[in-house]
Amino acid sequence: MTGSGLSARAGFWIALLLLVAALVAAFGIGRLPVGLGEALRVIVARLTGGTADVAPTVETVVLAIRGPRILAAVLIGAALSVAGTAFQGLFRNPLVSPDLLGASSGAALGAVVGIYANLGVIGIQAAAFTGGLAAVAAVYAIGSRLGRHDPMLVLILTGVVIGSLLGAGVGLMKYLADPYDQLPAMTFWLLGSLAAAHRLDLAALGIPVGAGTLALVLLRHRMNVLSLPDEEARALGLPTGPLRLAVIVAATLVTSAAVAAAGVIGWVGLVVPHVARFLVGPDFGRLVPVAALLGAGYLLLVDTVARSAASVEIPLGILTAVIGTPVFIWLLAGAHRSWS
Amino acid sequence: MLAAEELSFGYRGRPVGTGLSLALRPGEVVALLGPNGGGKTTLLKTLIGLLPPIAGGITLDGTAIERLAPRERARAIGYVPQAHGGSFAFSVLDAVLMGRTAHQGLFAAPSRRDRAAAGAALDRLGLGALAARPVTEISGGERQLAMIARALAQEPRLVVLDEPTASLDFGNQGRVMAEIRALGAAGLGVLFTTHDPNQARRFADRAVLIRAGREVGAGPVDRVLTRASLEALYGAPVEIVGGGASEPTAFLPGTPAPSRS
Numbered sequence: 001m002t003g004s005g006l007s008a009r010a011g012f013w014i015a016l017l018l019l020v021a022a023l024v025a026a027f028g029i030g031r032l033p034v035g036l037g038e039a040l041r042v043i044v045a046r047l048t049g050g051t052a053d054v055a056p057t058v059e060t061v062v063l064a065i066r067g068p069r070i071l072a073a074v075l076i077g078a079a080l081s082v083a084g085t086a087f088q089g090l091f092r093n094p095l096v097s098p099d100l101l102g103a104s105s106g107a108a109l110g111a112v113v114g115i116y117a118n119l120g121v122i123g124i125q126a127a128a129f130t131g132g133l134a135a136v137a138a139v140y141a142i143g144s145r146l147g148r149h150d151p152m153l154v155l156i157l158t159g160v161v162i163g164s165l166l167g168a169g170v171g172l173m174k175y176l177a178d179p180y181d182q183l184p185a186m187t188f189w190l191l192g193s194l195a196a197a198h199r200l201d202l203a204a205l206g207i208p209v210g211a212g213t214l215a216l217v218l219l220r221h222r223m224n225v226l227s228l229p230d231e232e233a234r235a236l237g238l239p240t241g242p243l244r245l246a247v248i249v250a251a252t253l254v255t256s257a258a259v260a261a262a263g264v265i266g267w268v269g270l271v272v273p274h275v276a277r278f279l280v281g282p283d284f285g286r287l288v289p290v291a292a293l294l295g296a297g298y299l300l301l302v303d304t305v306a307r308s309a310a311s312v313e314i315p316l317g318i319l320t321a322v323i324g325t326p327v328f329i330w331l332l333a334g335a336h337r338s339w340s
Numbered sequence: 001m002l003a004a005e006e007l008s009f010g011y012r013g014r015p016v017g018t019g020l021s022l023a024l025r026p027g028e029v030v031a032l033l034g035p036n037g038g039g040k041t042t043l044l045k046t047l048i049g050l051l052p053p054i055a056g057g058i059t060l061d062g063t064a065i066e067r068l069a070p071r072e073r074a075r076a077i078g079y080v081p082q083a084h085g086g087s088f089a090f091s092v093l094d095a096v097l098m099g100r101t102a103h104q105g106l107f108a109a110p111s112r113r114d115r116a117a118a119g120a121a122l123d124r125l126g127l128g129a130l131a132a133r134p135v136t137e138i139s140g141g142e143r144q145l146a147m148i149a150r151a152l153a154q155e156p157r158l159v160v161l162d163e164p165t166a167s168l169d170f171g172n173q174g175r176v177m178a179e180i181r182a183l184g185a186a187g188l189g190v191l192f193t194t195h196d197p198n199q200a201r202r203f204a205d206r207a208v209l210i211r212a213g214r215e216v217g218a219g220p221v222d223r224v225l226t227r228a229s230l231e232a233l234y235g236a237p238v239e240i241v242g243g244g245a246s247e248p249t250a251f252l253p254g255t256p257a258p259s260r261s
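Those sequence lines, one after another, are chains A and B.
The first sequence begins at 1 in this note's numbering and counts up one residue at a time.
The second sequence begins at 1 in this note's numbering and counts up one residue at a time.
FYI, nobody ran anything at the bench for these hints, they're computed from the structure.
Being a predicted model, the structure only gives us computed values, none of them experimental.
One or more of the hints may lead you astray.
Which residues of chain A face chain B? A partial, calculated answer using Cβ under 7 Å [to be verified]:
hint: 1; residue: R92
hint: 2; residue: A235
hint: 3; residue: R244
Here are the simulated distance ranges between beta carbons [to be verified]:
hint: 4; chain 1: A; residue 1: D150; chain 2: B; residue 2: R214; range: 21 to 31 Å
hint: 5; chain 1: A; residue 1: L332; chain 2: B; residue 2: A185; range: 43 to 53 Å
hint: 6; chain 1: B; residue 1: R14; chain 2: A; residue 2: I122; range: 23 to 33 Å
hint: 7; chain 1: B; residue 1: A116; chain 2: A; residue 2: P33; range: 51 to 61 Å
hint: 8; chain 1: A; residue 1: V322; chain 2: B; residue 2: R14; range: 46 to 56 Å
hint: 9; chain 1: B; residue 1: R113; chain 2: A; residue 2: A137; range: 33 to 43 Å
hint: 10; chain 1: B; residue 1: A212; chain 2: A; residue 2: I207; range: 53 to 63 Å
hint: 11; chain 1: B; residue 1: D123; chain 2: A; residue 2: L332; range: 52 to 62 Å
hint: 12; chain 1: B; residue 1: R115; chain 2: A; residue 2: V322; range: 37 to 47 Å
hint: 13; chain 1: A; residue 1: S144; chain 2: B; residue 2: R115; range: 45 to 55 Å
hint: 14; chain 1: A; residue 1: I329; chain 2: B; residue 2: E6; range: 55 to 65 Å
hint: 15; chain 1: B; residue 1: L252; chain 2: A; residue 2: R145; range: 48 to 58 Å
hint: 16; chain 1: B; residue 1: A116; chain 2: A; residue 2: A64; range: 45 to 55 Å
If you want the footprint, here are the derived chain A segments under chain B, 3+ residues with CB under 8 Å [unchecked claim]:
hint: 17; stretch: 223-232
hint: 18; stretch: 282-290
Where a beta carbon is used, it is the ideal one built from N, C-alpha and C, also for glycine.
Here chain A stands alone, though its shape is the one from the complex (with noise of 0.2 Å):
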């Protein structure tokens, strides 16, 4: 049960319905609007070799221009928002997000470097995902040798001084950049788009982003216990120490990996756990899928907006920023109570 009046089971249907609507939508919106029917089919008979008997117009659109977007919106939205969901509970607050080790300065970093050595799409896109994981490397290693009574706090607080010297590179980065050329891209990409979806390795994306969700899913019904208090959690039985790793881990490759194609998308990971617990209810088995299904259909719906709202693309981060805030503080509120 939730708490919030609703049953479990219509919370899992509004978030499909959501991510449904927002299919329609990316797919319906644009220069050459594709209704999701005609999308199915050219995707069907690209996987089963037939033909899908539209315009070849319409199967490029799909296939190469919307398609990979849409994919990417909607693996980077469930990744973030099933990450978010996994941190909140490990670390026990509210504010969590899945970067909160460090990932996004540190690939945020490594992708400053790559425009900066002027590296091209994929090697940026290599230097961002090596960046993140060697930076909650890099803080999990520190932070697991001081933390003796609270090993959760100490790691979070090493990942927000670690966070804040990264952020010191990115800002070093910035300054030395070429101002007419390198500046503007490392601005651009560090306000987070999906506008070169197309042109990245989306196995590069899929592998780790598919892998970490995954754990993340199949682990979901420890998460419960493993949000208990540690001596707690082991007293039923739990091995604490080396499931919350998988799931800093996890975590981290979904989100390095999130960032590298797409640059920083903030709050996406921070408010749809939310949204999704006030569906609900805390309960992880429950809440982890309907975290992903709603992240990937709120990320879609908002890349939609950031591309055909305007005359150019506005960056993701910004909207996501602008939706993010109003709807958290709505939520601190106490519209809910999945929080005691």
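Given the coordinates of chain A, assemble chain B onto it according to the supplied hints.
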């Protein structure tokens, strides 16, 4: 049976108690009494394997406790901590289902068997009607009963409770203690800490008195809990009211207030 021999316990570099021996058998209710800061909670955590012993050994049915995996320990011993520290408003049923962790695979959803065990534990403690309510919205007494139900859902042979009636009102203290007594009657070994010698005397078979990490008395409650032993244990005056000196009805802390007539 859970047995500790010549146990030294505490945190690394900060021993809390030494030379303690204790046994908990099935069907037996044991109360642990002692002043604040005397090491009761640390002892409980050491006994159930959450803290490594500094010296001496703890065995569970003959096996050293530190050789058991967390899930093996949790299948044998249920633990009810002093304060439930969860952050989320889980339903009572979901909270009790957490007691099934030691019976579940890493990726498993709660099975029909898990739900049956959780439901049985809820019914046993009379909480069936509260199953869907958030744990944050029920009374303190109901929450404590739910935590006992969670321990029962582990299907353990022993249950260890840390101050199960702390912060409960008078009526709930009685309810919770009656349930604890019933666990012993049902064949479980029960160990609980308490600040109330009357509670120990009324609901426990044996009492163990701990002061500054050392045992200062152990045995059947009627023999161990005396005015002299309690005054020595707490270093404070204790009065006996009702009955007679040989058969006390109740212990009262402190000295009587001056007559107000």
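Now the hints, each set against the structure:
1. Nearest Cβ of chain B to the Cβ of R92(A): about 4 Å, under the 7 Å cut. The hint holds.
2. Interface restraint check for A235(A): the shortest CB-CB distance to chain B comes to about 4 Å, inside 7 Å, so the restraint holds.
3. A cut of 7 Å between beta carbons decides the hint on R244(A): the least distance to chain B is about 13 Å, and the hint is violated.
4. The hint said 21 to 31 Å for the Cβ distance between D150(A) and R214(B), and at roughly 29 Å that hint holds.
5. At about 48 Å, the CB distance of L332(A) to A185(B) agrees with the hint of 43 to 53 Å.
6. Distance hint check: the CB atoms of R14(B) and I122(A) are about 54 Å apart, inconsistent with the given range 23 to 33 Å.
7. Between A116(B) and P33(A) the beta carbons are some 53 Å apart, a value that agrees with the proposed interval 51 to 61 Å.
8. At roughly 51 Å, the beta-carbon separation of V322(A) and R14(B) lies within the given 46 to 56 Å, and the hint holds.
9. At about 40 Å, the CB distance of R113(B) to A137(A) agrees with the hint of 33 to 43 Å.
10. Between A212(B) and I207(A) the CB atoms are about 59 Å apart, so this pair conforms to the stated range of 53 to 63 Å.
11. Hint check: D123(B) to L332(A), Cβ distance near 38 Å, so the stated range 52 to 62 Å is violated.
12. One distance hint, 37 to 47 Å for the beta-carbon pair R115(B) and V322(A), holds here, with the actual separation near 43 Å.
13. Range check, S144(A) to R115(B): about 37 Å between beta-carbon atoms, so the 45 to 55 Å window is missed.
14. Distance hint check: the CB atoms of I329(A) and E6(B) are about 58 Å apart, consistent with the given range 55 to 65 Å.
15. A C-beta distance of roughly 51 Å is found between L252(B) and R145(A), which places it inside the suggested range of 48 to 58 Å.
16. The hint said 45 to 55 Å for the Cβ distance between A116(B) and A64(A), and at roughly 54 Å that hint holds.
17. Counting residues of the stretch 223-232 of chain A whose CB lies closer than 8 Å to any CB of chain B gives 7, so the stated coverage by that chain holds, three being the minimum.
18. Counting residues of the stretch 282-290 of chain A whose beta carbon lies closer than 8 Å to any beta carbon of chain B gives 3, which reaches the threshold of three, so the coverage claim holds.
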